[in-house]
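Chain by chain, the residues run as shown.
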Amino acid sequence: MQQLINALLKYKNSLFYLGLLLLSLIFLNQRSFYHQSFFSDISLSISSRINLFSQGIVNYFSLKKINEQLRLENEMLKVLELAYQNNKVDKTAVLESFGFKITGARIIKNSYDKARNYIIINKGEADGIKTDTGVISSDGIIGIINQTTKSFSSILSLLHRDLKVNVSFKKNGAYGSMSWRGDHPKKMKLDDISTLNPVSIGDTIVTGGMSDYFPYGIPLGTVSKIERPKFEGYYEIDIELFSNLTQKEFVYIIKNKNLDQIEKLNPDE
Amino acid sequence: MNSNNLLSIFQFILLLFLQVFLLNNINLFGFINPNLYLLFFIVYRFNSNPTILIFLGFLMGLLLDLLTQGSGAHTIAALTIAFVRPIIIRATFGINYDIPMGMIEGTPQNQRFLYILMMIIIHHLLLYIIIYFSFESVLIILKNTLFTSFFTFIMVYMSLGLFKKGLND
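Line order of the protein sequences matches chains A and B.
Under our numbering, the letters of the first sequence match residues 1344 to 1612, in that order.
Under our numbering, the letters of the second sequence match residues 256 to 424, in that order.
There could be a bad hint or two in this list.
[To be verified] In silico DMTMM-like links for lysine to aspartate or glutamate, alpha-carbon gap of 25 Å or less: (1) K1493/A - E391/B; (2) K1473/A - E391/B; (3) K1473/A - D1603/A.
No wet-lab data here; the hints were simulated from the structure.
Sequences and hints are given; from them, build the entire structure.
Okay, structure coming up:
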């Protein structure tokens, strides 16, 4: 003990310096946006490397299940392709007129136990991924990309309490904003639906066209609970999601090709 | 001892305000602001407690950053220069430096010159590395360090003449 105290006293200047240096680094991180993003860039690239390694091992054991999921999705796509050919629509014309570009990616880290969850995927700037891009999966939406490094990106998960997504009712187009309630990974809440609109349990919710990130009409979930206010106003609606965000492996990044045009018309954002 | 402490406090406040309200607004050639506040660390007594100097370095940088809306680079640079000052003193004046009251007067001219120059260049290099913080800006960092160090050095050397009287009390 005595030796420990002696050692502490001997190096007290260095320790004092390191302590104050840490304080000033925190200070720097708080005040300067550039340094903040520099530090968070470093931490993202370190954590994504570690997660890529561990996820690589885990993925090996779930290959069979993934295969099955991919086969099902392929079948569905095949049906769509046949339908197109039946209608004698030129396929390249359809793809070009569709305003979104799609890139596939694999999730290497997914969390759903916090109030603000992030997902990391194995595609980054080198693959043409940019921030503020929507991410979907085979049966719903995943989130929005908020940060990228050379070969990884971090996604603001749908299970992030501050993320609000523009959605609408499939049957009548009434739109509101959906956000996570923060307790269960399949339960979301829907705000801003006026009581003027008729709503019933079981209605299907799809993405609304007003979002810059997602195309119109991706099915998201169904209404599970409705609370009508005493007077006129807005419903409190609970939604049960179709997709289970706790066991996703593959996602698709959809980039809005016309985003610059939309932003030009929307100067206040 | 007491009068020395009072003198240090006076120097601290004077240099801090001089730096914030006058020198940071010079912008010579658009980017040169001499950092005269380094004078405090240069003339601080050699035989006093180094822990207090480290704390004063932190405080000086912090106040400077808060008053000038700086990002925090001055805090780290001033803190570090206060920490490495004993090493610089040993490197320039030799291991057995015997300058009890830390007056720079009475030391050989070239050693004094080297001491001031090293303090200034190390501080400025660190300051600009933290401000720019990327490999692409190496040239800008070196350019800023060179020019600002030069002007700081001139101002420090001129000001030493002013402090001479006060320090000999």
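Now for the hints, and whether the structure bears them out:
1. K1493/A - E391/B: The hint holds at about 17 Å.
2. K1473/A - E391/B: With Cα atoms ~22 Å apart, K1473/A and E391/B stay inside 25 Å; holds.
3. K1473/A - D1603/A: holds (13 Å)
When held up to the earlier numbered hints, the structure conflicts with none and fits them all.
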